[in-house]
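Asks: Turn these sequences into a full structure, and let the hints steer you where they fit.
Those protein sequence lines, which keep their order, are chains C and E.
Per UniProt numbering, residue 1 is the first one in the first sequence, and the count goes up by one each step.
Per UniProt numbering, residue 1 is the first one in the second sequence, and the count goes up by one each step.
Some hints could be false.
Claimed, not checked - Pairwise CB distance ranges (calculated):
1) Gln52/C to His207/E: 50 to 60 Å
2) Gln52/C to Glu81/E: 46 to 56 Å
3) Tyr351/E to Asp13/C: 17 to 27 Å
As the list claims (entries may be wrong) - Derived DSSO-like pairs (lysine-lysine); straight-line CA-CA distance at most 27 Å:
4) Lys384/C to Lys429/E
5) Lys420/C to Lys461/E
6) Lys480/E to Lys323/E
7) Lys287/E to Lys57/C
8) Lys101/C to Lys70/C
9) Lys70/C to Lys106/E
10) Lys323/E to Lys168/C
11) Lys335/E to Lys57/C
12) Lys16/C to Lys349/E
13) Lys160/C to Lys335/E
14) Lys88/C to Lys102/E
15) Lys14/E to Lys291/E
16) Lys272/C to Lys181/C
17) Lys70/C to Lys57/C
18) Lys102/E to Lys101/C
19) Lys461/E to Lys434/C
20) Lys319/C to Lys411/E
21) Lys483/E to Lys176/C
22) Lys18/E to Lys168/C
23) Lys344/E to Lys16/C
24) Lys262/C to Lys181/C
25) Lys176/C to Lys476/E
26) Lys16/C to Lys323/E
27) Lys476/E to Lys429/E
28) Lys168/C to Lys344/E
29) Lys480/E to Lys168/C
30) Lys160/C to Lys202/E
31) Lys272/C to Lys483/E
32) Lys16/C to Lys483/E
33) Lys160/C to Lys102/E
34) Lys181/C to Lys483/E
35) Lys349/E to Lys7/C
36) Lys176/C to Lys429/E
37) Lys92/E to Lys70/C
38) Lys335/E to Lys316/E
39) Lys461/E to Lys319/C
40) Lys332/C to Lys461/E
Derived by calculation from the structure, the hints in this document are not laboratory data.
Glycine residues also receive a C-beta, built at the ideal position from the N, C-alpha and C atoms.
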Amino acid sequence: MEEIYNKLLCREDQLKNLLDFLGDSDEPLPASLFVSGSMATGKTLCLTTVLQYLNYKHVFIDCIECYSPKIMYEAILTGLSDDQVDVKCDSLWELINNLNKLGNNQNSYEPIVLVFDRAERLRNMDQNIMSTFLRLREFCNLNVCTIFVTHLIYDNFYFKVGAREPIKLYFPNYNKEELFKIIFLHQKSFVRHLTNNHNIDCDIKEELERPELFANFLNAFLSVFYRPCRDLIELQHMARVNFVKYCEPIIKNEIKSNDLSKLWRHIAPILKTSLELLYLRINNTKVPTQSPGKENGDTMQPQCYNFENTLKEELLSTKTFAQSFELPYYAKFLLIAAYLASYNPPKEDKRLFMKNHGKQRKKLQQVKAKAKINEKLNTQLGPKVFTLDRLLAIFYAILEERIGLTSNLLAQIATLVELKLIAGSKEIDLDSSKYKCIIGYDFISAVAQTVGFNVRKYLYDFI
Amino acid sequence: MHELLDSNSLTQIKLLRKYLKLKILEDDIRFRHHKSERDHVYNLISRSILHGESHSALVIGPRGCGKTTLINSVLHQIANEADLVNDAIIVKLNGLIHQDDKIALKSITAQMQLENAVGDRVFGTFAENLSFLLSCLMSGVDRKCKSMVFILEEFDMFCHSGRTQTLLYNLFDITHSKQAPMCVLGITNRIDVMEMLEKRVKSRFSHRHIFLFPNENQTGVEKSPLETCKEIFIQSLCMPLSLAKKNVMDTPKRRKGRRSVVSLEKMDIDTEDTQYAISEEVLTRCKVDSKQFQCLEYGFIESWNAHIQSIVEDQKLIDCLEKFSYYTVNEQLFKDVLFQIVSKLSPSKPYIEVNDISSIIDNTVSPEHRVKLLQSLSILELSLVIAMMHGMQIFDGQPMNFEMVLHRYTKFSNTNSSTQTVPRPVILKAFEHLQELEIIMPVRSTDSIYNTETTTSRVQKEYKLYTLAVPIEDIKEAVKGFKVLPTEINHWFNNSVL
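Replies: Put into structure tokens, the structure is as follows:
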């Protein structure tokens, strides 16, 4: 019992509740439990350890894996039967028949637990299934308990005519101190990760293994990262990445490991830049702030990494991403035209693209109206569809030179559609086809820059 | 009772806990109140079994008021009085499991133990099949048909809308023909169930409704829910003294003065004890040997019962129960609460604490999980929620997309230099996280605004429209109780609808 509490920090209350509810092996189990809590709060971990500790017969069903009822029923039955037989089970009725058979063969009142992980997926199935599982105990003669694990709260589960309510358990998020404690548990693995990837002198190694060093790093780390992110998994990942950088100057003997303020000054900008990569899982091995000492770390990394790196590098900024397409000159203009057509109202085209569009007086009323719907800018509402005619008209308006409308040009449109920069049909039908530009402002301004075009000047929102 | 730490008390408390858990979770036979309704059902079933009459009725009552328990208790009673095995066949169907008529028919065949008779026979219609089943029953030795009792739980699920209600039609039809004595009982919690029936089904139904309402006892006089709660509390938590009766006989060491008390109590015991005990049938169903409970000491049970009686008088407990009955009258929920109370018992904590009860009741009745979920968000995510809330306040609850939320958020973070700036992709991730937690929900009819062409109507994720799926009150509550919330966010939340 103590072991569990030591292994799973900061979940004492929840563990105690679980152990209480599941009780002793000769006691009846509750009909159903509903375990909820945000992501990465240790719900599944707590359940597995408790069930293993109690040594109850249990089946874990991941509702993503078991995406159809049939697969789920069969998973339950194969999980419960001792011998490996292929069970066929199509309906709830058969499932319950099989469970009853199982119960008749038992001579004791053995506890059985069915855990439905990611139970929010159950909502995609027939509603009967979940309501039946909520009261499975009533239908079969087993001492069975169903546990639903999900990140949603019970209110998000709607039942048309109601259902038997489960006992609810909530797992709150870890707070800063708890996160510190939990990440600190893995201090050894962090250091090992570091020492395995670098050639380090013995005495420096000892320095690195000092828990205070890691504690200091973690404090600094959490002070930056706790605000935008509370996800333990993500924090652990980011800590692993950043701890390496934290220790670099120590490895190179530039900063003493007990010089905290210097270390902080070293790490603060790094943390800030890596904050920008939170959740994105981009391996940025070439951040400008890095020092040359990093290089031996690079060479240690396996070669297969490299390809992915280049790809991620491109994703890193929209600019490089946009350039990676290497679009031809006219295609770029076509894309810009498409963007403009998508984000400008058609009735303003005349004003935006014609040289002599006549005077337009700004009425006070208009100005006011425009200020009021500041939030409803075209760029915020998303792209609108446009016809091919309009696209070509804008294209010729923004292109200074005169070129003929050739099939080559039209083929460019098909290419853009193929590249998923424009949404629409691939076949070009002059009359009916409609398109929509599905790239962001960042992308288009990067493209426009290469041909020396100012997109902002032609966007109605910014005039 | 103070030598708690020895092994004896450990087994005592474990036995007690087991017994109480069994009583709370497994006892589906005991039924209280609603005497007239129970008699009604009892009459119907017993008449069709004993006299071969045909009946149909609907038992209607809200969830967790004891409809199934009523049926179970009646069947239990009849099983004691009549020879159920030879005289009748009881077929239980549940709308949740037997969704379509085919499965229902299969299940009926199985429950009538007629699989062999049916074999590979192919039937044209449902009615043909059912009448064959009935005729099989008739062909017994004495040519006398067994009575059938059909119990249809979740009756409303059998009234499939859109499909024909073949099963119900046939069952009700048989109750009118002289084919076989049959009693059809439907159990449902939908009061409008009659409107779901087809016309031909409705006309064959006897229109006998039996309503079960909680808080109404046999005389029809309103009984306060608090009283009911208290009664169940005592009823479920008290232990029958008879379990340990033998020990009393074995230990005549008691002082003379107490003897008289014991004998006095014995008078009550016989009436009250049966009320507290679990019936033997339940125990055998649970494969529990009742002998093990004989190890319970008389003194222990006595002091336990005294403890329960004293705790019921506690004003704090009464307040808790009152709060509970204020929220719900669902007996099932109350049983869950009792189960949680009992499961907290352990050798180191042999008595019930009122504080535990109150926290359990609070948790069941108003868990406020949504507020807790909001509080578990990171500051960035909470800011997005607030931004969205403000935006929706301004535009009268119109849905917003990511760009609009981002616009509001950047407006806020630009005015407050102290907030760390995070790049757009990270904010988008946070936004998606909110969607994952279903704090914001996509608007389904998004496409109507745009052109509904299939290829172009798919909107990019930045422009998908969302609405806030949590009430503003909950956000307020969450912000109020948020731990270490930066002041500027609190200020922003309270102040500005910029």
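Asks: Do the alpha carbons of Lys335/E and Lys316/E lie within 27 Å of each other, as the hint requires?
Replies: 19 Å, holds
Asks: Mind checking the alpha carbons of Lys323/E and Lys168/C for me, to see if they're no more than 27 Å apart?
Replies: It holds: about 19 Å lies between the C-alpha atoms, which stays within 27 Å.
Asks: So the hint says 50 to 60 Å: do the beta-carbon atoms of Gln52/C and His207/E match that?
Replies: 55 Å, holds
Asks: Is it true that the CA of Lys168/C sits at most 27 Å from the CA of Lys344/E?
Replies: Holds. Lys168/C to Lys344/E sits at ~15 Å (cutoff 27 Å).
Asks: That 46 to 56 Å hint for Gln52/C and Glu81/E (C-beta), does it hold up?
Replies: 48 Å, holds
Asks: Take a quick look at whether Lys92/E and Lys70/C sit within 27 Å of each other, Cα to Cα.
Replies: 24 Å, holds
Asks: Do the alpha carbons of Lys160/C and Lys102/E lie within 27 Å of each other, as the hint requires?
Replies: 24 Å, holds
Asks: Are the Cα atoms of Lys16/C and Lys483/E separated by 27 Å or less?
Replies: 24 Å, holds
Asks: Holds or violated: are the alpha carbons of Lys272/C and Lys181/C at most 27 Å from each other?
Replies: 23 Å, holds
Asks: Can the restraint linking Lys287/E and Lys57/C be considered satisfied, given a maximum Cα separation of 27 Å?
Replies: 17 Å, holds
Asks: Between the alpha carbons of Lys160/C and Lys202/E, is the straight-line distance 27 Å or under?
Replies: 23 Å, holds
Asks: Hint check: Lys335/E vs Lys57/C, CA-CA at most 27 Å. Holds or violated?
Replies: The given pair, whose Cα atoms are some 25 Å apart, holds under the 27 Å limit.
Consistency note: the structure conflicts with none of the earlier hints.
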